[in-house]
Amino acid sequence: AVNSVPAISAHVTDYARLYLWKLIQIADIVNCFYCDTDSLIVNEKGYKNLSKFMDKDRLGWLKVEDVSSCVDIRGAKNYTFGDNTRMKLIS
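All residue numbers for the sequence shown refer to the working numbering, where the first residue is 125 and numbers rise by one.
To be clear, the hints were calculated from the coordinates, so they are not data collected in a lab. Be a bit skeptical, because a hint or two may be false.
To be verified - In silico DSSO-like pairs for lysine-lysine, Cα to Cα no more than 27 Å straight-line:
1. K187 x K146
2. K169 x K187
3. K201 x K187
4. K176 x K146
5. K172 x K146
6. K169 x K146
7. K180 x K201
8. K176 x K187
9. K172 x K201
10. K169 x K180
11. K212 x K201
12. K176 x K212
13. K187 x K172
14. K212 x K146
15. K201 x K169
16. K212 x K187
17. K146 x K201
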């Protein structure tokens with residue numbers, strides 16, 4: 125588009141990826157099983173390491189969406205977490 129500035133969206137995306145990488149480092153990579161655009165699946169130790177960054181009521185802070193003792197990760201956007209299966213369909 126004539127009035128678009130792709131550098132702005134590229135910077136925002138880059139910043140988000142860098143922030144997610146910093147969270148993985150704080151959790152400790154050995155405690156992080158999966159990451160996606162805006163989420164992490166971590167074990168109990170990773171959760172404890174990230175706890176000071178959690179607040180379900182504050183925008184931009186981490187929150188726990190679900191807890192499970194059973195996770196099956198088959199690939200990107202393809203996993204079962206507890207009783208919930210997520211799989212991005214190919215179109």
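Looking back at the hints listed earlier, which ones does the structure fail to meet? Violated hint: only 12; rest satisfied.
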